[in-house]
Amino acid sequence: MRPIIGITTYVVPATFGVWHDLPAALLPCDYVTAVREAGGRAVLLPPDDQDADVLARLDGLVLAGGPDLEPGRYGAASEPLTESHPERDAGEFALARRALAMDLPVLGVCRGMQLLTVAAGGRLDQHLPDLVGHEKHRPAPGVYGELVARFAPGSRIEALMGDDRTVHCYHHQGVADPGTLTVTGWADDGTPEAVEDPDHRFVLGVQWHPEVVRDRRVFGALVAAASRAAP
Amino acid sequence: MRRPLIGLTAYAQQVQYGSNDLMAGMLPMTYVRAVHATGGRAVLITPDDPNTDVLESLDGIVFSGGGDVDPAYWGAPRHPETEVDPARDEAELLLMRGALDLGLPILGVCRGMQVMAVVGGGTLHQHLPDVIGHERHRAAAGTDPLAADASAYGRHDVVVQPGSRAHDLLGSRLTVNSFHHQAVDDPGAFRPVGWCPDDRVIEIIEHPERSFALGVQWHPERTPDLRVFAALAEAAADRAGLRPAAVAA
Chain A
297 MRPIIGITTY
307 VVPATFGVWH
317 DLPAALLPCD
327 YVTAVREAGG
337 RAVLLPPDDQ
347 DADVLARLDG
357 LVLAGGPDLE
367 PGRYGAASEP
377 LTESHPERDA
387 GEFALARRAL
397 AMDLPVLGVC
407 RGMQLLTVAA
417 GGRLDQHLPD
427 LVGHEKHRPA
437 PGVYGELVAR
447 FAPGSRIEAL
457 MGDDRTVHCY
467 HHQGVADPGT
477 LTVTGWADDG
487 TPEAVEDPDH
497 RFVLGVQWHP
507 EVVRDRRVFG
517 ALVAAASRAA
527 P
Chain P
948 MRRPLIGLTA
958 YAQQVQYGSN
968 DLMAGMLPMT
978 YVRAVHATGG
988 RAVLITPDDP
998 NTDVLESLDG
1008 IVFSGGGDVD
1018 PAYWGAPRHP
1028 ETEVDPARDE
1038 AELLLMRGAL
1048 DLGLPILGVC
1058 RGMQVMAVVG
1068 GGTLHQHLPD
1078 VIGHERHRAA
1088 AGTDPLAADA
1098 SAYGRHDVVV
1108 QPGSRAHDLL
1118 GSRLTVNSFH
1128 HQAVDDPGAF
1138 RPVGWCPDDR
1148 VIEIIEHPER
1158 SFALGVQWHP
1168 ERTPDLRVFA
1178 ALAEAAADRA
1188 GLRPAAVAA
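Taken in order, these protein sequences are the chains called A and P.
First residue of the first sequence: 297, per our numbering; consecutive thereafter.
First residue of the second sequence: 948, per our numbering; consecutive thereafter.
To be clear, the hints were calculated from the coordinates, so they are not data collected in a lab.
Even glycine gets a Cβ: it sits at the ideal position worked out from N, Cα and C.
Keep in mind that a hint or two might mislead.
Stretch by stretch, here's where chain A covers chain P in the computed footprint (C-beta under 8 Å, at least three residues) [stated by the list, open to error]: (1) 950 to 964; (2) 969 to 975; (3) 996 to 1003; (4) 1171 to 1185.
Simulated DEER-style distance windows between Cβ atoms [claimed, not checked]: (5) A:345 x P:967: 22 to 32 Å; (6) A:352 x P:1050: 19 to 29 Å; (7) P:967 x A:352: 42 to 52 Å; (8) P:1022 x A:461: 48 to 58 Å.
Same shape as in the complex, but just chain P:
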């Protein structure tokens, strides 16, 4: 039995490794391991071939973390702290529209959730500290905010709306890591169903009609709590007529 094939959007940028310094398509292995640990098979979709035909081969798709979405996509001028990657925006906005049209199961992580909101006709806060007056949604560089001895930066609770699909999946409250300086302002066609209780920043969105279109503002792939990846794999397996290994009898 084959596993559901899960596409992961990836970076294409200048990268250094060993004695090399070159343009590469790339994604942290944490995403790949999260997909493989939850019964899927990961393939990376790089932004240097903007086209939706690849979606026909996939059973589900993850929109990964990364830089900021160009505010021109929702008609706003650019904030000085906003750093965009036009090639990635073009490719991912196309893929997001295509995936929604096809009814492909979608998980948006951090930037991926923000791409969802923008494609859904929504808007983003371009620099959260300007809005909420603190930096606690952004972990200190190189730290793991969920470590026992971490500071309060980059770690907070999320409260989940009862009756939502996210609530079925995650329960009413959880603690998450946090690596972002932008956030969803207006989720457009999506429904906000989870918030940081301290400042009401939107942490989870879901689509009211699509079978599985979930966005989370944190980085579950960097934690042992892979419930959203498992739910994506299950939705992808259902759509493809497969049963994921995780729930096989």
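Chain A extracted, bound-state conformation:
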């Protein structure tokens, strides 16, 4: 049996078939494909703030991309361009904390990396263009920014990515303070692009979207860690 990887979902008013703006739990198919091609079996985890008990049946967790975190989570007031989704926050913080306590392998993608950071006591910049003076991390609606990251020598992400360090970004917030995590990747402008927790078996956050190229280096590492975790 393949390791089971739970992936958190968006909740949005969705328009499909005969339905218009129907509230739906939703996740781009790229994530499921990336997990499948890496040898895992994906299930989608819609938000649920009652309990993180689902983790008992999973071998690994992906905290997916999505809207901004509620800034109150890191002690800040919401700035004008911050758009948060408290229902998702509640469920995903519970999952992240429990997964860390269980030492379950966790991959955080974009918002998921930011969530890992805040769960580790860190803070975010709420609108990166104000800080770095450009829009290269989110060039236009629906357009990924392409950049070449650099990685800390000896880090997990450096070993995984090898020589091809081109990544696809789509975010307007960034990690200001990584809390107890270690920043192991950066953009040219100094924006943190990867975080890790060396005290856990596999805790990796990436600010970019490895699922859009079904990056087998990143998802393969998660699935491999989840396979070792499986009883």
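Go by the hints and put chain P onto chain A.
Just chain P now, with coordinates in the frame of chain A:
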């Protein structure tokens, strides 16, 4: 105590939200909320990885509503009104066979009940208005057929056969919503135990031997009456050796 883990089959299709237009795995939140309100934990099973290994992690499964099943699966030519999703058919027919083999508690909703019947060797009516001469099983687009001021379309009674498990659960008569243009003709290995009294359209099927394999043609997740979801959660908890919160002392 963990809650029983309930898989929900989901759509994978082109969807628009915000400024996005992309292929996504997806399910209306009404299903998720129905599972969480009745003591289960919902996970979505998308059709883009057709395989049954995921069933080993689940305590129960809901086959959700959606488009039409390809009539090739019961050897019939396709009606002009029939719209199929081959990827979803392949994945869900595999999962249904696997779930029946494992004795996993199963709830089929609308299309999910039709998938049950087809896997059980049965057949479907491909376009109900051709058979019964009216459109009252299909709600007007965007309406809630159970609302007090709704028209007669998409709302009707169901009579339940005494002595069936569905009767234990639902009693002898209830009023339901209705969002379908196909229906079960021959339920195969399943037993029909509920009908629309106006036209004898099959509304409930159950398996005579499986511990919990129930199909309903309506959409309970869009109503406050979640008895079939609660029964699924209870059967799933029993199978997993858990007690659902809903019946914990």
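Hints versus structure:
no., hint, result
1, 950 to 964, "holds (count 11)"
2, 969 to 975, "holds (count 7)"
3, 996 to 1003, "holds (count 5)"
4, 1171 to 1185, "violated (count 0)"
5, A:345 x P:967: 22 to 32 Å, "25 Å, holds"
6, A:352 x P:1050: 19 to 29 Å, "21 Å, holds"
7, P:967 x A:352: 42 to 52 Å, "33 Å, violated"
8, P:1022 x A:461: 48 to 58 Å, "55 Å, holds"
Consistency with the previously given hints fails for numbers 4, 7, ordered from lowest to highest.
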